[in-house]
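Participant: If you want the building blocks of each chain, they are given just below.
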Amino acid sequence: AAGVIQSPRHLIKEKRETATLKCYPIPRHDTVYWYQQGPGQDPQFLISFYEKMQSDKGSIPDRFSAQQFSDYHSELNMSSLELGDSALYFCASSLGGLAGWGTDTQYFGPGTRLTVL
Amino acid sequence: GDSVTQMEGPVTLSEEAFLTINCTYTATGYPSLFWYVQYPGEGLQLLLKATKADDKGSNKGFEATYRKETTSFHLEKGSVQVSDSAVYFCALGADGLTFGKGTHLIIQP
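Residue numbers (this note's numbering), protein chains in the order written: chain H, 1 to 117; chain Z, 1 to 109.
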């Protein structure tokens, strides 16, 4: 079965540079979520999109932005990178994920490991 | 806000031992509850879920019951295997998930 695809899988950047992470959800899934997992930490929810509109917002820094496109793929744009941004970034997708519906299972991608030097 | 508390690890067991990983939560409303497993270097895989009180989620010998009265969702398995060694996350949510800190499970032969 098709899974969530993330690219790139690994990314190395310098401080103050920008990075763009891409996520391709499972076919027919209309909702995308982004999470950040620091070393040895639990995943922290950043932001989600349903039908190309932002549906929920978590602890996403102002330096980061994201969007969902008409083909449902999503991109996370990160600017002015800091050392503390080094982490695994996961994308997840689900079907019909408006906040409050509550039952839709999120399927996670393999993650993008971002290293900021 | 919502929060999840799960037992800290690492938890080390011998093969075929009984496993319990405790998870309690605080939440507004009645969110769905999940257990995800993460193997080294990999993403999160859904292990099981429950969507309402008294629901029991089960998969691959693992079980957890949504207990509203004790706000708990403890993970259990009757006989663990070496291949169960991984980090287990309890989570809740209606949109963005809130995760516990994770429990590192080590199963020794």
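These are calculated hints, taken from the structure and not from any lab test. Each hint should be verified, as a subset may be incorrect.
Said to hold, decoys possible - Which chain Z residues face chain H? A few, computed with CB under 7 Å, are given here:
hint	residue
1	Phe18
2	Leu44
3	Asp95
As the list claims (entries may be wrong) - Simulated coverage check for chain Z against chain H, where a stretch passes if three residues somewhere in it have a Cβ under 8 Å from a Cβ of chain H:
hint	segment
4	62–69
5	73–84
None of the values given here were measured: they were computed from a predicted structure. Ideal Cβ positions, reconstructed from N, Cα and C, are used throughout, including at glycine.
Participant: Please write out, lowest number first, the hints stated earlier that are contradicted by the structure.
Facilitator: Hints 1, 4, 5 are the ones this structure does not satisfy, whereas the remaining hints hold.
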